[in-house]
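Student: This is what each chain is made of:
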Amino acid sequence: MKSSLVHRLLLLPATMWLLVMLVLPLLVVIIFSFGDRGPAGGYVPGFSLDQYANLPARFTAFKNTMILAPAGTLAALLIAYPLAYYLAVKANPNIKTVLLVMIIVPFWTSILIRTYAWIYILGGQGIPKMLEFFGVEGVRLINTPYSVLIGIIYGYLPLMVFPIYVSLEKLDKRLLEASQDLGASPIRTFRNVTLPLSIPGIATGCMLVFILLMGEFLIPALLGGGKVFFIGNALVDLFLQSRNWAYGSAVATTLVIVMLLTVSIYMKLMMRGSNIREEVSLL
Amino acid sequence: MSKDNQSITKKQFMKELWRFKNGSISRRQFLGVTGLGVATSVLAGAMPALIPRKAWSASDIGDRVVLATWPNYHDPANFEKFTEVTGAHVQVNVFGSNEEMLAKLQAGGSGWDVFVPTNYTITTYVGEDLIEPLELSKIPNYAAEAFDPRFSDAGSVDGTVYAVPKNWGTTGYVVNNKHTDGRKLTSWKDFWDISMNEFTGRTMVHDYQLTTIGNALKYFGYSFNSVDPAELADAEKLLLEVKPHLFAINSDYQPPLRNGDAWMSMCWTGDGKQLNTDIPEMEYVLGVEGGEIWSDYFAVPRGAEHPDAGYALIDFMLDPAVNAKEVLAHGYPVADSRTNDLLPKELLEDPILYPAQELLDALEFGAAATLTDPNRAELLARFKAA
Chain A
1 MKSSLVHRLL LLPATMWLLV MLVLPLLVVI IFSFGDRGPA GGYVPGFSLD QYANLPARFT
61 AFKNTMILAP AGTLAALLIA YPLAYYLAVK ANPNIKTVLL VMIIVPFWTS ILIRTYAWIY
121 ILGGQGIPKM LEFFGVEGVR LINTPYSVLI GIIYGYLPLM VFPIYVSLEK LDKRLLEASQ
181 DLGASPIRTF RNVTLPLSIP GIATGCMLVF ILLMGEFLIP ALLGGGKVFF IGNALVDLFL
241 QSRNWAYGSA VATTLVIVML LTVSIYMKLM MRGSNIREEV SLL
Chain B
1 MSKDNQSITK KQFMKELWRF KNGSISRRQF LGVTGLGVAT SVLAGAMPAL IPRKAWSASD
61 IGDRVVLATW PNYHDPANFE KFTEVTGAHV QVNVFGSNEE MLAKLQAGGS GWDVFVPTNY
121 TITTYVGEDL IEPLELSKIP NYAAEAFDPR FSDAGSVDGT VYAVPKNWGT TGYVVNNKHT
181 DGRKLTSWKD FWDISMNEFT GRTMVHDYQL TTIGNALKYF GYSFNSVDPA ELADAEKLLL
241 EVKPHLFAIN SDYQPPLRNG DAWMSMCWTG DGKQLNTDIP EMEYVLGVEG GEIWSDYFAV
301 PRGAEHPDAG YALIDFMLDP AVNAKEVLAH GYPVADSRTN DLLPKELLED PILYPAQELL
361 DALEFGAAAT LTDPNRAELL ARFKAA
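Protein sequences appear in the order of chains A and B.
Numbering-wise (our numbering), the first sequence opens with residue 1 and increments by one.
Numbering-wise (our numbering), the second sequence opens with residue 1 and increments by one.
Careful, some of the hints might be misleading.
Ranges of calculated distance between the beta carbons of each label pair, as one might list FRET restraints [to be verified]:
#1 B:136 <-> A:129: 49 to 57 angstroms
#2 B:227 <-> A:21: 34 to 42 angstroms
#3 A:271 <-> B:127: 37 to 45 angstroms
Derived pair list, reagent style DSBU-like, types lysine-lysine, alpha-carbon separation capped at 30 angstroms [to be verified]:
#4 A:63 <-> B:184
#5 A:268 <-> A:170
#6 B:189 <-> B:138
#7 B:178 <-> A:63
#8 A:129 <-> B:237
#9 B:81 <-> A:227
#10 B:138 <-> A:227
#11 A:227 <-> B:189
#12 A:63 <-> B:243
#13 A:227 <-> B:345
#14 B:178 <-> B:243
#15 B:178 <-> A:129
#16 B:243 <-> B:184
From the structure, some residues in chain B lie toward chain A, with a derived Cβ separation under 8 angstroms [what the hints assert, rightly or not]:
#17 103
#18 344
#19 348
#20 373
#21 374
No lab work stands behind these hints: they were computed from the structure.
Treat the numbers as computed from the prediction; the structure is a model and nothing was measured.
All residues carry an ideal CB built from backbone N, CA and C; glycine is no exception.
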């Protein structure tokens, strides 16, 4: 009895926080999504599905998000994994901390400023100019999906490195030795021991990056020149330019639903994957 | 002058200020000890109009003022001067469209003290109760009779003054003639056609429904302000056709034009002047079909946190000597005859600032209906999301 009261009290702040900062705003968004745009913009109450019927007008933005968010997550994973592996397994312990700090240091500057810098790096006077020097002419990067992808990988890499690093760091080195002793090649050791044991880190990293990317708007806005639109940009536009709160709410609600579906499918796949591996390793 | 300011620490200054407020020391002693006396007298000597009046005497207006304005639209040196005179730091928020400003104010909590709306938006701000009627006694530098009414009329709604004129100008386009092979572009038809051909990947349009849709309407010879669904459908078709050929959709177009990534952009007078001054191949063109003529205003939003500082800033900017410096820096004309008296003759005859009459005659002021028309708003949003 007493301990259950303590539990409740302990959970109270978090519950209140979630209720006030997440559940209530979400309810407002859902209610707004059935309403209408006010005469000068904003919202007037109503009940119709008009806003949802208009969703196809933002199909391209959804499509861009659904292509570039997974692509960015995958690319970040492919770059982050070797880096995390090096940091956790291979790096000299004496300089390890320095290397880790170097990954964190960029976070000390706002992502806005760092992304702004990329406008110049990817612009005509940046990388394309350098390529021209090597004889590759006519490369255009800025305001293309590629520049957005580069910006995404740059911005989200640390979020991918750390969870993988942590899972590899915990890895019991004796398992690697055992695998070696039993005659497994380094590649086989990696495939059968290291990789399966780092799955939780990969899963966390991918989830973190993917969910944030689904709502990303800054990087496409700056590096996409208003031409590579994410659903986040469409939302910003609906609320901060065309002032159609009802339609914006419908798009936001749809985004939440799409995200919930994608993430739950992903979780299911991940769970099944790790279960299979456990069974295999038990055999 | 800055030396005088450094000779006293903030803490000492506050102490002296309290002593002055309590009456322990006289105003003269206070100004002497803090260095403010020297500061103001030096400034007053240099610019008679800067003798502090009640609105901006030191320290009673707070330490900052938040201004919502447009890109490349001020002389930063004037802001520094304002801070020197009043102690209030100017925090600048830059916007690319009136819609963005309206949306911020509608959402509430903008935090602005002064904003710079364009002529056609003011009636909507009044209707939505988002703007304060101005207390003209706090803006002694505003002299209504000095302003050309064409560019100051829109500041008053039903006889109440809500906004005082900042600058006026036109919306045309700037083209880098280095890339046109000697061809002269003269119309909006030229603008859109070349964007889809020789200039593919090099053109920028504003992230702004009024001008981007308006100038697409001009391709067909429709009114810049049209809200007719059939005409808007034509404009949308053109915009969607052009979109893959655009370099970007952005109202801050100077950086890519300067570094060579973009060759042409929709452009406001002052940006055209600034670019042309630095890069003579950059030509400012007004489409022969017409387009926009506009006038921007200073206004105070409802619920401004530092209204005194806001008024002080508006008054400071309307000082003809300060205003003249602004014009020299940003290249937008003013409707204030007192300011024009201080400007060099070349600038008053500059064809970018003061285009030929037949080009001006074809231009239209933006209409209030375009700001609130849901079809225009959604058209631009759709165009960007396409």
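Student: Keeping to a limit of 30 angstroms between CA atoms, is the pair of residue 63 (chain A) and residue 243 (chain B) held or broken?
Tutor: holds (17 angstroms)
Student: Starting from the range 37 to 45 angstroms, see whether the pair residue 271 (chain A) and residue 127 (chain B) falls in it by beta-carbon distance.
Tutor: Given about 56 angstroms between the Cβ atoms, the range is violated.
Student: Quick one, are residue 227 (chain A) and residue 345 (chain B) close enough, alpha carbons at most 30 angstroms?
Tutor: violated (42 angstroms)
Student: Sort out whether residue 189 (chain B) lies within 30 angstroms of residue 227 (chain A), counting only the CA atoms.
Tutor: Distance of about 22 angstroms is within 30 angstroms: holds.
Student: Take the C-alpha atoms of residue 63 (chain A) and residue 184 (chain B), compute the straight-line distance between them, and say whether it is at most 30 angstroms.
Tutor: Not OK: residue 63 (chain A) and residue 184 (chain B) at ~40 angstroms, beyond 30 angstroms, violated.
Student: Taking 30 angstroms as the top limit, are the C-alpha atoms of residue 129 (chain A) and residue 237 (chain B) close enough?
Tutor: Status violated; Cα separation ~35 angstroms.
Student: For the range 34 to 42 angstroms, tell me whether the beta carbons of residue 227 (chain B) and residue 21 (chain A) fit it or not.
Tutor: holds (40 angstroms)
Student: With a cut-off of 8 angstroms on the beta carbons, see whether residue 374 (chain B) makes it to chain A.
Tutor: holds (6 angstroms)
Student: Closer than 8 angstroms between Cβ atoms is the bar; does residue 373 (chain B) clear it against chain A? Give me holds or violated.
Tutor: Because about 10 angstroms separates residue 373 (chain B) from the closest Cβ in chain A, which is outside the 8 angstroms limit, the hint is violated.
Student: Report holds or violated for the interface hint on residue 348 (chain B), using the least CB-CB distance to chain A and a cut-off of 8 angstroms.
Tutor: With Cβ-Cβ at 36 angstroms, over 8 angstroms, it is violated.
Student: Is the hinted pair residue 268 (chain A) and residue 170 (chain A) satisfied, with a Cα-Cα distance of at most 30 angstroms?
Tutor: Since the Cα atoms of residue 268 (chain A) and residue 170 (chain A) sit roughly 25 angstroms apart, the hinted pair holds (cutoff 30 angstroms).
Student: Is it true that the CA of residue 178 (chain B) sits at most 30 angstroms from the CA of residue 243 (chain B)?
Tutor: holds (23 angstroms)
Checked against the numbered hints above, the structure violates hints 3, 4, 6, 7, 8, 9, 10, 13, 18, 19 and 20; every other hint is satisfied.
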